[in-house]
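Protein chains in written order, with our numbering: chain A, 1 to 123; chain B, 1 to 127.
What the hints contain is simulated information worked out from the structure, not anything from laboratory work.
Every residue, glycine too, gets a C-beta built ideally from N, C-alpha and C.
Don't take every hint at face value.
Claimed, not checked - To give an idea of the chain B side of the interface with chain A (calculated C-beta under 8 angstroms), a few residues:
hint, residue
1, P55
2, L81
3, T123
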Amino acid sequence: MAFLTDRKRATGLGSAKSGTEHHWHMSISSYALVILTPLFLLTFGPQLGNSHEEVVAHFSRAWPAVITGLMIVVGMWHFRQGFQSIIDDYMRGLTRKLSIIALVCVSYGLMAAGIFALVKLAL
Amino acid sequence: MADVNQGNRPLSPHLQVYRPQWTWVPSIINRITGAGLIVGAFLVVWWLIAAASGPEYFSSIDWLITSFIGDVVMFLSVWALWWHMLGGIRHLIWDAGYGLDVETSEKMAKGIVGLSVVLTILTAIIV
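So here's chain A without its partners, still in its complex pose (with noise of 0.2 angstroms):
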């Protein structure tokens, strides 16, 4: 202990406990988010309400499917990234090891049921 320079012994001790990457993945699904939240509000929007063929029809073409799809992945992903700073902020310990595996299998989870209704209906 007495070796380590005082440099060395803050590293990792941050609330996220790593680098720069959080936040740079952060940035990247934001820049993607700009552009797909207009597109997703303006074509997913309209369905709700329809009829249940009305909206089959709707996603079972390709730009629906795709960009809903988008928005659920990226989406997901981004929220999966950015609510971590907030247990990084407000969390230590078991507590947010344990709120951040909470939190993984939320976002993935919706994902991944998220595109499964969307395969369904399109194919």
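Guided by the hints, dock chain B onto chain A, whose structure is given.
Positioned in the frame of chain A, the structure of chain B alone reads:
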């Protein structure tokens, strides 16, 4: 210094210790809307699953999502989505190194408040 207080370090300061200011309040709302959008995401995925499972299950979920309470939740989700997108753009501008002075930050914050409401109402009308 390095040997003092190892391990037991403070967490991020919480909201109540600061006076509300135009620079940070929209930033924390960004965090809250981001977390809250999981509700909208959950409803959208549930609705898609229902659509994929067949007409009967679909009609019950579609009824729920287009009921009064469903409409309120979806309307708030749309607002949260626009706010979070605009707030996110503000953060991307900051990350690129622009608009970091107080005056520009506050202008952008007020822009977010106005634009998010306008875009939400526009979305509700068009969509």
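For which of the previously enumerated hints does the structure constitute a violation, in increasing order of number?
Violated hints: none; all satisfied.
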